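Starting from the known structure of chain A, arrange chain B on it as the hints suggest.
There are 2 protein chains.
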Amino acid sequence: MFKLVTHNRHKYEEMRKIVPGLKMVDMEYPEIQANTLEEVVDFSLEYLSKVIGENFIIDDSGLFIEALNSFPGVYSAYVFDTLGNEGILKLMEEKERREAYFKTVVGIRFEGINYKLVGICHGKIAEEPKGENGFGYDPIFIPEGSEKTFAEMSTEEKNRVSHRGKAIIKLAGFMERFGVH
Amino acid sequence: MFKLVTHNRHKYEEMRKIVPGLKMVDMEYPEIQANTLEEVVDFSLEYLSKVIGENFIIDDSGLFIEALNSFPGVYSAYVFDTLGNEGILKLMEEKERREAYFKTVVGIRFEGINYKLVGICHGKIAEEPKGENGFGYDPIFIPEGSEKTFAEMSTEEKNRVSHRGKAIIKLAGFMERFGVH
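Read top to bottom, the protein sequences are chains A and B. Under our numbering, think of the first position of the first sequence as 1, with each following residue one higher. Under our numbering, think of the first position of the second sequence as 1, with each following residue one higher.
With the rest of the complex left out, here is chain A (with noise of 0.2 angstroms):
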């Protein structure tokens, strides 16, 4: 069984509704400045590689707002700290455009080989912030075809339609191809 490596309970807690059995690692490693959560995610499983071992994976996700030149991007989580939700709204004004995704790559490192799965939600920047569930984001995130934001969803509804979810989908997918239990 993999180990996820993390120091966000919340996206542990996403996963484990579709790997039921993954184990939670909660440490902080390095990540790259780079331009692609790809990038990021290649540099941080040779990383851990050599500090932990094999068998492990990592999630590395981000907000891509087309109005914003795709800001906050690979710089979610530190964004998220700063500004919050209320910045990205605030910088939100006045733009006609509101569509964003999220997008999630998901590094395996199995057997000394790097894997990535990528999943991408399409949606739009609300207007204010809704609902209490999930983290980050979620409260002004609105998936398409669905009115409601990810902070109004259900763990298993948001899973459904999420970049995180869809990227968990092709993990369990790769587990049972590569036999891991």
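Just so you know, not all the hints are guaranteed correct.
Repeated chains share a single entry, so a pair holds when one copy, or any two copies, can fit it.
[What the hints assert, rightly or not] Straight-line C-alpha distance at most 20 angstroms; calculated SDA-like pairs for lysine to any residue: (1) Lys95 with Gly84; (2) Lys124 with Asn69; (3) Lys3 with Leu117; (4) Lys3 with Leu22; (5) Lys95 with Asn85; (6) Lys130 with Pro30; (7) Lys95 with Asp81; (8) Lys90 with Gly73; (9) Lys90 with Leu68.
In case anyone wonders, no lab produced these hints; they're calculated from the structure. All values reported here derive from a predicted model rather than from experimental measurement.
Okay, now just chain B, sitting in the frame of chain A:
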């Protein structure tokens, strides 16, 4: 003589006014996601020492705005490229306190040892962009004791009060003490 490793010619031009013989190596290099410029510089010095050898310097700088929890800080370059000065001014609307500081950390790799020299310039965020000189956030930053933004100053004027100017004065002292010509 040291080589400045950077992809930003503006930084080089400012430094050269104080350290005339300085060379420039035009190169991008990996930076880590971290809470402080010092951590970023430490990581890059180690990385670059393996790639280009010894006796070089790097400059990592950021703008830290009090009312925005130190945003954009370590990610100032990324935020400038995505949101620009317009985005910062948007975030500062209705903020009563406009205090901010610029900070430069010059990292030196000299005979196998890492050194760091710090320069800080306190000031405030202007109400609107002014001036054509400098680069980045210069049009919206007014240093303490001045009425002008950095972008309304000549390089010499800016160097006398700026974060980078202060760090480079220290660099000149370092070079004299260690006999770097």
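Evaluation of the provided hints:
1. Taking the shortest Cα distances, Lys95 and Gly84 sit within 20 angstroms of each other both inside one copy (18 angstroms) and across copies (15 angstroms).
2. Within a single copy, Lys124 and Asn69 get their C-alpha atoms as close as 14 angstroms, which meets the 20 angstroms cut-off; across copies the closest is 26 angstroms, which misses it.
3. Taking the closest pair of Cα atoms, Lys3 and Leu117 come within 20 angstroms of each other only inside a single copy of the chain (16 angstroms); across copies the shortest separation is 41 angstroms, beyond that limit.
4. Taking identical chains as interchangeable, the C-alpha atoms of Lys3 and Leu22 lie at most 20 angstroms apart only when both belong to the same chain, with a minimum of 6 angstroms there against 49 angstroms between chains.
5. Taking identical chains as interchangeable, the C-alpha atoms of Lys95 and Asn85 lie at most 20 angstroms apart whether they share a chain (16 angstroms) or sit on different chains (16 angstroms).
6. When the C-alpha separation of Lys130 and Pro30 is checked against a cutoff of 20 angstroms, the pair qualifies neither within a copy, at 32 angstroms, nor between copies, at 38 angstroms.
7. In the homo-oligomer, the alpha carbons of Lys95 and Asp81 lie at most 20 angstroms apart only across protomers (18 angstroms), although the nearest pairing inside one protomer, at 23 angstroms, exceeds that limit.
8. Proximity of Lys90 to Gly73 under the C-alpha cut-off of 20 angstroms is found in both arrangements, the shortest distances being 17 angstroms within a copy and 19 angstroms between copies.
9. In this assembly of identical chains, the alpha carbons of Lys90 and Leu68 lie at most 20 angstroms apart whether taken from the same copy (12 angstroms) or from different copies (12 angstroms).
Taken one by one, the earlier hints fail for this structure only at number 6.
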